[in-house]
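Numbering (the working numbering) for the sequence shown: 1 to 118.
Each hint should be verified, as a subset may be incorrect.
[Said to hold, decoys possible] With a straight-line cut-off of 30 Å between C-alpha atoms, the simulated BS3-like cross-links for lysine-lysine are:
(1) Lys79 to Lys57
(2) Lys29 to Lys79
(3) Lys72 to Lys57
[Unchecked claim] Beta-carbon label-pair distances, calculated as ranges:
(4) Leu42 to Ile111: 39 to 45 Å
(5) Lys45 to Cys93: 37 to 43 Å
(6) Val109 to Ser53: 18 to 24 Å
(7) Asn60 to Glu113: 15 to 21 Å
Note that these hints are calculated values from the structure, not bench results.
For glycine and all other residues, C-beta sits at the position ideal for the given N, C-alpha and C.
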Amino acid sequence: MKLEDFKEASPLVHDGSRVRRVSFGFSKKDLYELEIAEQSPLLNKMKNVPSASMRSKIINDGFDTWNGDIVKLRQRLIKFERNWGNMEFDVPCPIYFTKEEVQNRIQEVMIWEDVYEF
Numbered sequence: 001m002k003l004e005d006f007k008e009a010s011p012l013v014h015d016g017s018r019v020r021r022v023s024f025g026f027s028k029k030d031l032y033e034l035e036i037a038e039q040s041p042l043l044n045k046m047k048n049v050p051s052a053s054m055r056s057k058i059i060n061d062g063f064d065t066w067n068g069d070i071v072k073l074r075q076r077l078i079k080f081e082r083n084w085g086n087m088e089f090d091v092p093c094p095i096y097f098t099k100e101e102v103q104n105r106i107q108e109v110m111i112w113e114d115v116y117e118f
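Turn these sequences into a full structure, and let the hints steer you where they fit.
Laid out in structure tokens, this is it:
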């Protein structure tokens, strides 16, 4: 690289009074995601599945039930049922909660949050 090209290539800029860092608007995460999209299109497609994070949280919360924490899992399952239509499945949702069950879960969550604050 020639010395005159350094000013354009450097993340540092001298504006006459000080040297400052120039941000290009990319984070390490953005660069990682771009690289994954190029190297593994299938992984990138799986990562961008609608409600993928909700599905993985349900799995993770399932492990907490061994520790007696069923409240989070129930919350996630209720949200999962509510969002089923947005997930582009061709079958009806296998989970169903009545209005009473949802109300009971809301009360359970409120109690759980009060206990958790202590």
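> Okay, which hints does this one fail, numbers in order?
Replying inline: Those not satisfied come down to hint 5.
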